[in-house]
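Protein chains: 2
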Amino acid sequence: MIEKITRPTLLLDTKKMEANIDFMVEKADRLNVKLVPHFKTHQSKQIATFFNERGVDAITVSSVQMAQYFVESGWKDITVAFPFNRLEVEVINGFIQQGVNVKLLVTDAETVSFLSDKLVGHVSLLIELDAGYNRSGVSTEQTDKIKAIAREIIKSENTEFYGLYCHPGNTYHSDSIEDTKRLWADVIKKTNTVREALSGIGSALIIRIGDTPGCAIVEDMEGIDEIGPGNFVFYDLVMNYLNVCAESDIAVAVACPIVAKNDMRREIVIHGGAVHFSKDHLFDKDEKKFFGEMVIINETGWSNIIPDAKLVSVSQEHGVLKVSDELLETLHVGDVVGILPIHSCLTANLMGEYLSLQGQHFDHM
Amino acid sequence: MIEKITRPTLLLDTKKMEANIDFMVEKADRLNVKLVPHFKTHQSKQIATFFNERGVDAITVSSVQMAQYFVESGWKDITVAFPFNRLEVEVINGFIQQGVNVKLLVTDAETVSFLSDKLVGHVSLLIELDAGYNRSGVSTEQTDKIKAIAREIIKSENTEFYGLYCHPGNTYHSDSIEDTKRLWADVIKKTNTVREALSGIGSALIIRIGDTPGCAIVEDMEGIDEIGPGNFVFYDLVMNYLNVCAESDIAVAVACPIVAKNDMRREIVIHGGAVHFSKDHLFDKDEKKFFGEMVIINETGWSNIIPDAKLVSVSQEHGVLKVSDELLETLHVGDVVGILPIHSCLTANLMGEYLSLQGQHFDHM
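Quick note, the sequences are listed as chains W and A, same order. Positions in the first sequence are counted from 1; adding 2 to them yields the numbering used here. Positions in the second sequence are counted from 1; adding 2 to them yields the numbering used here.
Don't take each hint at face value.
Since copy identity is lost for identical chains, a pair holds within one copy or between any two.
[As the list claims (entries may be wrong)] List time: in silico PhoX-like cross-link candidates among lysine-lysine, alpha-carbon distance up to 25 Å:
{"no.": "1", "residue 1": "LYS47", "residue 2": "LYS78"}
{"no.": "2", "residue 1": "LYS120", "residue 2": "LYS6"}
{"no.": "3", "residue 1": "LYS183", "residue 2": "LYS149"}
{"no.": "4", "residue 1": "LYS281", "residue 2": "LYS324"}
{"no.": "5", "residue 1": "LYS17", "residue 2": "LYS149"}
{"no.": "6", "residue 1": "LYS281", "residue 2": "LYS291"}
{"no.": "7", "residue 1": "LYS191", "residue 2": "LYS149"}
Calculated directly from the structure, the hints in this document are not laboratory data.
Please construct the entire structure, taking both the sequences and the accompanying hints into account.
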């Protein structure tokens, strides 16, 4: 397989991916929560089938455009997990006409009233709550505002009040597993307090929580009805550094040709830069930025992470690997090395296609 | 035009772009250097025609894949400004068979010998030099290595020794206009010293230098034969902060729908995130990171930069604008605002298409 690679290529280890999917499907089953996986990470109709085969029938996406992509391949229950963009209401009407069970996030009563005016049929709404991440969503402390939105949903003929949604993205900055668990316990408490406050308005409201770190780590999901993680399908170095996954769980690597060596600086120049990896980075133990870690590609996939071989800089197409003297000896211009991405969602989005270890191409929208 | 925008859309002001192209074409003409523009920024066959109309016949690209894209639309003189990736030699042979005048960068003698073995016809080679940027290229101080590469080029039947290439990307980190000028003077001196050292080996060697800051600012180009800037076609906030362009020269802006407001934090949530802007950032006067600046889109294009309205965070699809109290009052959910990108190359690469102010769509590879 590696002999055929001539350019930066996103390799997908489907066995690792299937194990990651199995893990989350089984965990959701065991903890009695519904898995509504987020497809923003893979954005692939073909990868979506692996979920379908495991009984997943409802999915999450991050844009109306992404919803269109999955509607086209037959998905019928789709949550657009983004404060609803009013300018795209006509696309939503198209989904309704195709019989799609559409779920939207709202964060103000005016958008509900707008939807009520413009929709040609039913959608389900979730109020997006902010339990401390401070990105989007109504603060769980703004009970009056939440109640006003809820009343507007109930009032409208075309909107069903489905529940409450919260993405605690601050787990990406947790210091430890215990910290993530504490954070989730707090989110569960706060969202349930909101649900209780709404008991006179909405009934049988579900609570859905979204992030991969929490969904992977937390075992106590009492109070939660649905989970919507996305990144777990591939994981990445961020998740590995957070101890959310083992490095052997990371299911994607970018194969990059070596185009130059600099013996003086112990550097390897690869074709693999910001247009392949984005500019997401982590910091090593000496607080130095890096943009990926190196693996050796072999017959069956790729090796463990090679120590002292960090991607220390990226420009548009260039990547520079700083390596040890010993490693420098073994790497040659014309070889292909693997780079594990810092952030698999952005890497997959940039690469636009996958190549499995068996040589099969997988789409990306 | 703005009424039709429903999603993040990359707006292109073709008048600003044409003025930017005119500026560089006229400057090259006046200073008697050949402009071989880098097309990595726009990556567009349709934008390429604006250069063609102004007499540009030779272009620069950053990958063999990008070369393929421009060969398909008829360009016949293409420099792949990246240490040549041996694994793509068969694509180069295809170009030769189509009569393309291919120019490649080499940084080691072995790659020259490899090319000599594998090529089915002639290519021109430039030795890539490193005058202090420390990314790729042979250090201008490694005269023996450079001579060895030069001799290998001369020895081979299929490789013509065209000249020396240097991309002083460190001008992107200049402290001042004067600093950039000093840096360029140093690069000109060092590359000319190499040319003199090669006088017994190659003859009539050209020197090409690449970066937008230097090409835009420097007036003394004595010793240089060709320039290959790319970013100047659009410019961006990085160039504006370096005083390389005025903010009114920036020819692209991303139109982003407002999807939520947070009155408590004076924040606006837009649809516009890392999949639109990448994660490039600058630092404001208080050393706080930001990912773009806001403009108001109007009938004729967009306004000047609105003070106190910085894009302070981006995740995959979300962007958060921190705004003043006054501004907050005037912005509404369902409005569309413009964001000037930090780095136009990466933004254009992510957006994948342009919409001109006249409503015309322009391609991106």
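Evaluation of the provided hints:
| no. | hint | verdict |
| --- | --- | --- |
| 1 | LYS47 with LYS78 | within (13 Å within a copy, 38 Å between copies) |
| 2 | LYS120 with LYS6 | between (52 Å within a copy, 17 Å between copies) |
| 3 | LYS183 with LYS149 | neither (28 Å within a copy, 62 Å between copies) |
| 4 | LYS281 with LYS324 | both (17 Å within a copy, 22 Å between copies) |
| 5 | LYS17 with LYS149 | neither (46 Å within a copy, 50 Å between copies) |
| 6 | LYS281 with LYS291 | both (10 Å within a copy, 14 Å between copies) |
| 7 | LYS191 with LYS149 | within (18 Å within a copy, 71 Å between copies) |
Hint compliance for this structure: hints 3, 5 are broken, all remaining hints hold.
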